[in-house]
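Colleague: Single-letter residue listing:
There are 2 protein chains.
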Amino acid sequence: MAEKLTKRQENYSQWYNELVVKADLAENSAVRGSMVIKPYGYSIWEKMQAALDKMFKDTGHSNAYFPLFIPKSFFSKEASHVDGFAKECAVVTHYRLKNDEVTNKIIVDPAAKLEEELIVRPTSETIIWNTYKNWIQSYRDLPILVNQWANVVRWEMRTRLFLRTAEFLWQEGHTAHATKEEAIAETEQMINVYADFAENWIGVPVIKGYKSENERFAGALDTFAIEALMQDGKALQAGTSHFLGQNFAKAFDVKFADKNGKLDYVWATSWGVSTRLMGALIMAHSDDNGLVLPPKLAPIQVVIVPIYKGQDQLDRINEKANQIKSNLEAKGISVKYDNRDTYKPGWKFAEYELKGVPVRIAMGPRDLENNTLEIARRDTLEKEIKSQDGIESYIDELLKDIQNNIYQKALKFRKENTHKADTYEEFKDIIENKGGFVLAHWDGTPETEQRIKDETKATIRVIPFDSIEEDGKCIYSGKPSKKRVLFAKAY
Amino acid sequence: MAEKLTKRQENYSQWYNELVVKADLAENSAVRGSMVIKPYGYSIWEKMQAALDKMFKDTGHSNAYFPLFIPKSFFSKEASHVDGFAKECAVVTHYRLKNDEVTNKIIVDPAAKLEEELIVRPTSETIIWNTYKNWIQSYRDLPILVNQWANVVRWEMRTRLFLRTAEFLWQEGHTAHATKEEAIAETEQMINVYADFAENWIGVPVIKGYKSENERFAGALDTFAIEALMQDGKALQAGTSHFLGQNFAKAFDVKFADKNGKLDYVWATSWGVSTRLMGALIMAHSDDNGLVLPPKLAPIQVVIVPIYKGQDQLDRINEKANQIKSNLEAKGISVKYDNRDTYKPGWKFAEYELKGVPVRIAMGPRDLENNTLEIARRDTLEKEIKSQDGIESYIDELLKDIQNNIYQKALKFRKENTHKADTYEEFKDIIENKGGFVLAHWDGTPETEQRIKDETKATIRVIPFDSIEEDGKCIYSGKPSKKRVLFAKAY
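Chains as they are written, first to last, in our numbering: chain A, 1 to 491; chain B, 1 to 491.
It should be emphasised that the hints constitute simulated quantities derived from the structure, not laboratory data.
One or more hints might be untrue.
[As the list claims (entries may be wrong)] Listed below are the simulated DSBU-like cross-link pairs for lysine-lysine, each with C-alpha atoms no more than 30 Å apart in a straight line:
1. B:K22 / A:K262
2. B:K348 / A:K54
3. B:K98 / A:K4
4. A:K105 / B:K133
5. B:K57 / A:K453
6. B:K250 / A:K133
7. A:K57 / B:K296
8. A:K250 / B:K296
9. B:K105 / A:K331
10. A:K400 / B:K57
11. A:K87 / B:K409
12. B:K325 / A:K57
13. A:K57 / B:K250
14. A:K54 / B:K22
15. B:K348 / B:K331
16. B:K54 / A:K325
17. B:K22 / A:K133
18. A:K98 / B:K473
19. B:K22 / A:K22
20. A:K479 / A:K420
21. B:K57 / A:K22
22. A:K457 / B:K22
23. B:K133 / A:K57
24. B:K409 / B:K331
[To be verified] On the chain A side, residues computed to face chain B include the following (Cβ under 7 Å):
25. S29
26. L68
27. S80
28. T93
29. N130
30. W149
31. T159
32. E167
33. L368
34. N371
Model, not experiment: these values are computed from the prediction.
Glycine included, C-beta positions come from ideal geometry on N, C-alpha and C.
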């Protein structure tokens, strides 16, 4: 481990950037805006994928794979969709390189120009609905419940590791239904799946709700989102689920015959989460010593570090430690025993703290004598001496306790940083000086939302599903409003 | 299920193309050369991925993710590498679309031209070695044992579903080592892993060996490959493992300090298998009725079809069938009970035959009375009546038997279709009239190999690892040769 991390209080943004790199999660690549996800970071993403994939399959979905490239003309078929994505597309125009005989350099072969340019998918609605056209004739072909794990590209100008990158990994569900009701129920089901995953796996409480028109997905009739609050008081959109109505079915002419042979357009949803969730995980829990990982997503849940002088002591500790390791693994706990002699215990302690390993066990010669162990938990940094007897059950419970504790901590933080504002002055003061979520009345117009955004950088994150009806006045226009919406500055 | 498949004898190529589509494995997309992998096909690929991923992790590898795009200049750094891939590259030249105000059509924004073009990765050696440069300083940083699951693009002109597509899915391992010996051992280990997977999971026997210079990977000092024989007598390269020497370390200036502080270039390997394995699986075992899946990779291992008249009979069969399903699932067997009333049993039988489900259980009213079941195995199409008692163990064994049987069948086929040729006339006769593998002497020169290829379309698939030393004469040039090499026409 090199120099210490910048402290969150000093510079939260720099703390995040340093942490991602130092904890071996990801780094910037030679390609502008594209990241390298390093093995340790990727192993967390794999755990996220496995948990989500199971949730998708348990709700009846199957995986499939659609092309990376989308013909340019497909984009134009759904008007608002192309508006939303045209400005940030990577475009393939040629299919060959050649050696330039004059300069002896590799150049793009001008003779190999594509007739129609191909867009590297920023999302796959268009290519998928063009495919579904051939899959759907009758109500018997519905519903189609398909998910894709894939890379997508959006040419973002300002990028940050995991939070906003030109290329990112994600999953995108694309479903087709016979009725509007069924499609809406699917849209709701998937935002609930995402909320469940965010809260019970990442340990981050989220607020579910509708997006306002301004923030809706390009081509959707309704976008549901989950919003999480980060430690710097900014919101992070962690997942979205879109009710697409019949927009894409109309754009790609996808009709089905119902039981009576009557033709109608198919109803659609799409929903996705991405490697951005890694950003949520990192920012929600970590501290000035490094990463704090939720045990359910930690690649290493327990690390055992021997403290010894000489080979004889090490041999005796090895024997005992390997036995504890096997016993823990038999309970399904992932354990690393780090007895490398190239690094000192203090270095290892700092390293595993930086990497967020939930539980550290230290074992020295005195522990051998006393049948004890030193147990340190990453979330609170507390240490205690425990008997080796029954240690497996103790650790098993401890991991559950840590998972719960970091969630409760994040929930407490969110409660303390969620405010109501009844005037625009109050609103601006909170946004500027405190940060966090602000519940305020809004007149429902895109214009007001835009003005508030221009003046304060805060946007409506969601109109919460559980927002209580109450009479109020828009903080900006003073017009009547029926419920509060959730504002924040956002990532 | 629609019309019957073309028979293999009539037109093998058409049989394959129809089978891939009709069995819901994949289909062509609107993007030239890119396929859609349908849910059923993708679920087989997922099973392949899971098995391979475990084998990679068991041999010490971790997954990571590197950028999709590679700066054009990176390609030029390793001379033979760029020669190998330049002719088939998708090139990104722009990063924005816009609305053309004159035509009101979406066009590529000429103002958004990239300074340096980006290549959609055809393989990732260059971007990865550019990254490893920052990861490697000393021997303590080695070995690096990393794998990536990703999509790659090679702009093939003639494409076929799974066998050769412009975009395909694969894994690419990229390892870095302190010594030549260690890198060679890794290269060997991974070709053995691939052979193990091909034989014990896909059920396809393979021949392991070295590639000749002509067929070597662009940038490798040595390429090891596994070659399988398809039912039409053509070979299919199913996996490759490359010893890259210090070529990429030199191209990207990646050095490490050994224990004495002496600097040297790092040694490299790379290895990969792709969705092409799906082609091997399909072609090796399937018949004129459809797919024949190895049980270990079958998404549905057992299908249960009820045969009934009226709801009362169905109710009684449902109860029993669901019980058998649970019992089988408790043994880790995947079971589908298809009691849809929208399709007749005969339709279902044909459908699951087409989809290659290894075991079909039919259950009618007489089976209820007699405590029996009709069991049909897909590989031999044999049917038998069995008692319901102990059926779970019987099916469990039957699946193992089918897995073994299709392997033995493929092995027998390969033996019957592997010939020795001692003269060029003999060689040409076999290649032209019988097909299959031909073991023949070769003088070791690229020129001779090229002439044989030009005249017969047959290439050297591998120089088998287990080729026995014997004195012979090259079938083409008559020059002396020490061992036979394996020729065939290939996919």
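Colleague: Each hint needs a verdict: does it hold in this structure or not?
Modeller: Okay, the hints, checked on the actual structure:
1. Taken as a hint, the K22 (chain B) and K262 (chain A) pair is honoured in the structure, with Cα atoms around 27 Å apart against an allowance of 30 Å.
2. Annotation: proposed proximity of K348 (chain B) to K54 (chain A) holds, straight-line Cα distance about 28 Å (limit 30 Å).
3. For the hint pairing K98 (chain B) with K4 (chain A), the CA-to-CA distance comes to about 46 Å; that exceeds 30 Å, so the pair is violated.
4. Straight-line distance between C-alpha atoms of K105 (chain A) and K133 (chain B) comes to about 24 Å, which keeps the hinted pair within the 30 Å bound.
5. As the CA atoms of K57 (chain B) and K453 (chain A) are separated by approximately 48 Å, the hinted pair breaks the 30 Å bound.
6. Among the hinted pairs, K250 (chain B) with K133 (chain A) is inconsistent with the structure: their alpha-carbon atoms are about 50 Å apart, more than 30 Å.
7. Between the alpha carbons of K57 (chain A) and K296 (chain B) the distance comes to roughly 20 Å, so the proposed pair stays at or under 30 Å and holds.
8. In summary, the hint linking K250 (chain A) to K296 (chain B) is not supported, as the alpha carbons are separated by about 42 Å, beyond the 30 Å threshold.
9. For the given pair, K105 (chain B) sits about 61 Å from K331 (chain A) by alpha-carbon distance, which is inconsistent with the 30 Å threshold.
10. The straight-line distance between the Cα atoms of K400 (chain A) and K57 (chain B) is roughly 27 Å, inside the 30 Å bound, and the hint therefore holds.
11. Of the supplied pair hints, the one linking K87 (chain A) and K409 (chain B) is violated, its CA atoms being roughly 56 Å apart against a limit of 30 Å.
12. A C-alpha spacing of about 19 Å is found between K325 (chain B) and K57 (chain A), which places the hinted pair at or below 30 Å, so the restraint holds.
13. For the suggested pair K57 (chain A) and K250 (chain B), the alpha carbons sit about 46 Å apart, so the restraint of at most 30 Å is broken.
14. With a CA separation close to 28 Å, the supplied pair K54 (chain A) and K22 (chain B) stays within the 30 Å bound.
15. Straight-line distance between C-alpha atoms of K348 (chain B) and K331 (chain B) comes to about 25 Å, which keeps the hinted pair within the 30 Å bound.
16. Restraint check: the Cα-Cα separation between K54 (chain B) and K325 (chain A) comes to about 21 Å, which is no more than 30 Å; the hinted pair holds.
17. For the proposed pair K22 (chain B) and K133 (chain A), the alpha carbon gap of about 17 Å is at most 30 Å, so the pair holds.
18. Pair hint K98 (chain A) plus K473 (chain B) does not hold up; C-alpha atoms about 40 Å apart against a cutoff of 30 Å.
19. The straight-line distance between the Cα atoms of K22 (chain B) and K22 (chain A) is roughly 50 Å, outside the 30 Å bound, and the hint therefore fails.
20. Annotation: proposed proximity of K479 (chain A) to K420 (chain A) holds, straight-line Cα distance about 18 Å (limit 30 Å).
21. A C-alpha spacing of about 24 Å is found between K57 (chain B) and K22 (chain A), which places the hinted pair at or below 30 Å, so the restraint holds.
22. A C-alpha spacing of about 54 Å is found between K457 (chain A) and K22 (chain B), which places the hinted pair above 30 Å, so the restraint is violated.
23. Distance check on the hinted pair: K133 (chain B) and K57 (chain A) sit about 40 Å apart at the alpha-carbon level, beyond 30 Å; violated.
24. Simply put, K409 (chain B) and K331 (chain B) have alpha-carbon atoms about 27 Å apart, close enough for the 30 Å limit, and the pair holds.
25. For S29 (chain A), the interface hint holds, the least distance from its beta-carbon to any beta-carbon of chain B being 5 Å, beneath 7 Å.
26. Hint on L68 (chain A) holds. Least Cβ distance to chain B is approximately 5 Å, under the 7 Å limit.
27. Violation of the interface hint for S80 (chain A) is found here, the shortest Cβ-Cβ separation to chain B being roughly 13 Å, above the 7 Å cut-off.
28. Below 7 Å, beta-carbon pairs count as interface contacts, and T93 (chain A) has one with chain B at about 5 Å; its hint therefore holds.
29. Proximity of N130 (chain A) to chain B holds as hinted, the smallest CB-CB distance being about 5 Å (cut-off 7 Å).
30. Checking W149 (chain A) against chain B by beta carbon gives a least distance of about 9 Å; that is not within 7 Å, so the hint is violated.
31. Here the hint on T159 (chain A) is broken, as its CB sits about 12 Å from the closest CB of chain B, past 7 Å.
32. About 5 Å separates the beta-carbon of E167 (chain A) from the nearest beta-carbon of chain B, less than 7 Å, and the hint is met.
33. Given the 7 Å rule on beta carbons, the hint for L368 (chain A) is violated: about 29 Å separates it from the nearest Cβ of chain B.
34. Below 7 Å, beta-carbon pairs count as interface contacts, and N371 (chain A) has none with chain B, the closest being about 34 Å; its hint is therefore violated.
When each numbered hint is compared with the structure, violations occur for hints 3, 5, 6, 8, 9, 11, 13, 18, 19, 22, 23, 27, 30, 31, 33, 34.
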